[in-house]
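Chain S is already provided as a structure; the job is to place chain L on it using the hints.
Protein chains: 2
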Amino acid sequence: MIRIGIVGYGNLGKGVELAISQNEDMKLVAVFSRRELGAGTLKSPDTKLLHISKAPEMQNEIDVMILCGGSATDLPEQGPMFARLFNTVDSFDTHAKIPAFYEAMDEAAKAGNNVAIISAGWDPGLFSMNRVLADAVLPKGNGYTFWGKGVSQGHSDAIRRVKGVKYGVQYTVPKEEALQKVRSGENPRLSTRQMHLRDCYVVAEDGADKRAIEEEIRNMPNYFADYDTKVTFISEDEFFKNHTAMPHGGFVMRSGITADNSNHIVEFSLKLDSNPMFTASVLVAFARAAYKLSREGHKGAKTVLDIPLAYLSPKTPEQLRKEFI
Amino acid sequence: MIRIGIVGYGNLGKGVELAISQNEDMKLVAVFSRRELGAGTLKSPDTKLLHISKAPEMQNEIDVMILCGGSATDLPEQGPMFARLFNTVDSFDTHAKIPAFYEAMDEAAKAGNNVAIISAGWDPGLFSMNRVLADAVLPKGNGYTFWGKGVSQGHSDAIRRVKGVKYGVQYTVPKEEALQKVRSGENPRLSTRQMHLRDCYVVAEDGADKRAIEEEIRNMPNYFADYDTKVTFISEDEFFKNHTAMPHGGFVMRSGITADNSNHIVEFSLKLDSNPMFTASVLVAFARAAYKLSREGHKGAKTVLDIPLAYLSPKTPEQLRKEFI
Chain S
-19 MIRIGIVGYG NLGKGVELAI SQNEDMKLVA VFSRRELGAG TLKSPDTKLL HISKAPEMQN
41 EIDVMILCGG SATDLPEQGP MFARLFNTVD SFDTHAKIPA FYEAMDEAAK AGNNVAIISA
101 GWDPGLFSMN RVLADAVLPK GNGYTFWGKG VSQGHSDAIR RVKGVKYGVQ YTVPKEEALQ
161 KVRSGENPRL STRQMHLRDC YVVAEDGADK RAIEEEIRNM PNYFADYDTK VTFISEDEFF
221 KNHTAMPHGG FVMRSGITAD NSNHIVEFSL KLDSNPMFTA SVLVAFARAA YKLSREGHKG
281 AKTVLDIPLA YLSPKTPEQL RKEFI
Chain L
-19 MIRIGIVGYG NLGKGVELAI SQNEDMKLVA VFSRRELGAG TLKSPDTKLL HISKAPEMQN
41 EIDVMILCGG SATDLPEQGP MFARLFNTVD SFDTHAKIPA FYEAMDEAAK AGNNVAIISA
101 GWDPGLFSMN RVLADAVLPK GNGYTFWGKG VSQGHSDAIR RVKGVKYGVQ YTVPKEEALQ
161 KVRSGENPRL STRQMHLRDC YVVAEDGADK RAIEEEIRNM PNYFADYDTK VTFISEDEFF
221 KNHTAMPHGG FVMRSGITAD NSNHIVEFSL KLDSNPMFTA SVLVAFARAA YKLSREGHKG
281 AKTVLDIPLA YLSPKTPEQL RKEFI
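Heads up: the protein sequence lines correspond to chains S and L, in order.
Every letter in the first sequence is one number past the one before it in the numbering used here, and letter 225, counting from 1, is 205.
Every letter in the second sequence is one number past the one before it in the numbering used here, and letter 157, counting from 1, is 137.
Source of the hints: derived by calculation from the structure; they are not laboratory data.
Computed from a prediction, not measured in an experiment: that's the story for all the values here.
Idealized CB from N, CA, C, for every residue including glycine.
Please note: incorrect hints may appear among the correct ones.
[Claimed, not checked] Computed beta-carbon distance windows for the label pairs: (1) S:137 with L:276: 44 to 50 Å; (2) L:93 with S:93: 27 to 33 Å; (3) L:77 with S:93: 49 to 55 Å; (4) S:212 with L:302: 34 to 40 Å; (5) S:28 with L:39: 56 to 62 Å; (6) L:122 with S:93: 37 to 43 Å; (7) S:212 with L:74: 54 to 60 Å; (8) L:302 with S:166: 25 to 31 Å.
Bound conformation, chain S alone (with noise of 0.2 Å):
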């Protein structure tokens, strides 16, 4: 049994402590968070729930730790504490930012004879895989990402943010027309304004002046303005009712043209009714990986890119080679 600890436990920790129940290899030892939350918050009375200041006395007790908390400021903070105590595994997402945190990681990882898989998510994550994978497979050709249907936590944020907005959600939403020139192998040069749509529901407070409001999101620069951008208001109810979940998804192609003038396309895509359980499930067979490269005798921070797809299964190698080669 992989014995699994999880340091934050907002909607990806949650998460995590439910993707861990459908994977009988592995078994949740406790979840550490810096608030303090009530007996009966887990699902297994089996877990124990600990401040985080517990955790390095948790050293031998845990296999792997899952870091759950956000990338803007809890994991550059925690990421390298972690690692030095214990095997990580992260969904670190600022991409800009992924290479200084992967140097912090591999540093504090090797110092404590760990492996910190970073940046385990779907994108970056399983996107980023298969934008190698193809790049490496096609070298001529053009490579492209859209996102969505989903929410985007940022630009919703942001809508919030305005005045005489009192809920609101942003749907990023890949244009169909985009999508098929891809496929057609056309190898389109594509604007920003192009790829996505920028969908949005707002729930005005009483007595706002929704034109204004309106003007503002579609005005509001780089996250709106270089966009079509869709501003829908509905009613308090119809917000609950249809706008609290989190569906994300996306697509990643690759359009390449081999030395006889043949088109090839390769595609990857992700629909997903919820964001942060999809995630939880990525992180949890990449603790997998981490916990069997660390008893090969592996240290330091991994990417998706390092890790033979056969470590994140539990199934052997034989039955690996039997089944579903």
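Relative to the frame of chain S, chain L by itself:
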């Protein structure tokens, strides 16, 4: 420069020759064939064209030998012979015999201190990788593989053996309705007949009984009897104009349910204008991996599940972390 050799100069071997020209870190040193091929057969004047019996003399000139023979008789014999002498990559695709082929290649490669990457095409190959990845991330769910639209050599050969058939080609076509059922998350049970249509184009000999040909094809056991089979008679002109290309592709899908009852769909698909050119491109990327693994001291047989994705790429780990993750 990675120095490559090719064994076998049919469609696949020719494809590998072309694919190497798209990869700047590789050089094609020699092509080995059982046939006597004339001067000027190869694209590059710097590449040697040698009889297969000369291969042992080239051990110090070649880093990786790409085996392009057929799976039925060539690879079971040539594979272990070459794995004793060289690092090898092949696209052995008789699914049921992969475990035995792995064992034979493992023994030979270990005896020769070489790496032998087996079954590195697209199915087996990229499809196998995606089956394992999706199964590891979504342990509760169902996996589906659809092939096509594309030419099946085995089924085309079967058509051509029917009395009165001059030329024939069979396209395997995935049924759109079945694809949509999987994508909807309803986890359907699909029969052979529900998943694929067999679409045949036949040129009859002059005076042949077309009705008899159609009946014989439709009722052929194993090949056609369990499928919806469509037979269209065409002229010889049309055959050579529209039906000599070798497109293929397919879909690997997994529909899974996480412990909160959310549904998730993972889909990987290929749309290939030329099956042999794409397979050749996959072989070349895995030849790079064989080279890197061998330089690190690895030995024995490996499958596509045993190889980190970064090994397929000519880019540095730093570049991959910065640009692709």
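* Find the hints from earlier in the document that the structure breaks and name them by number, from lowest to highest. => Result: hint 3 breaks, nothing else.
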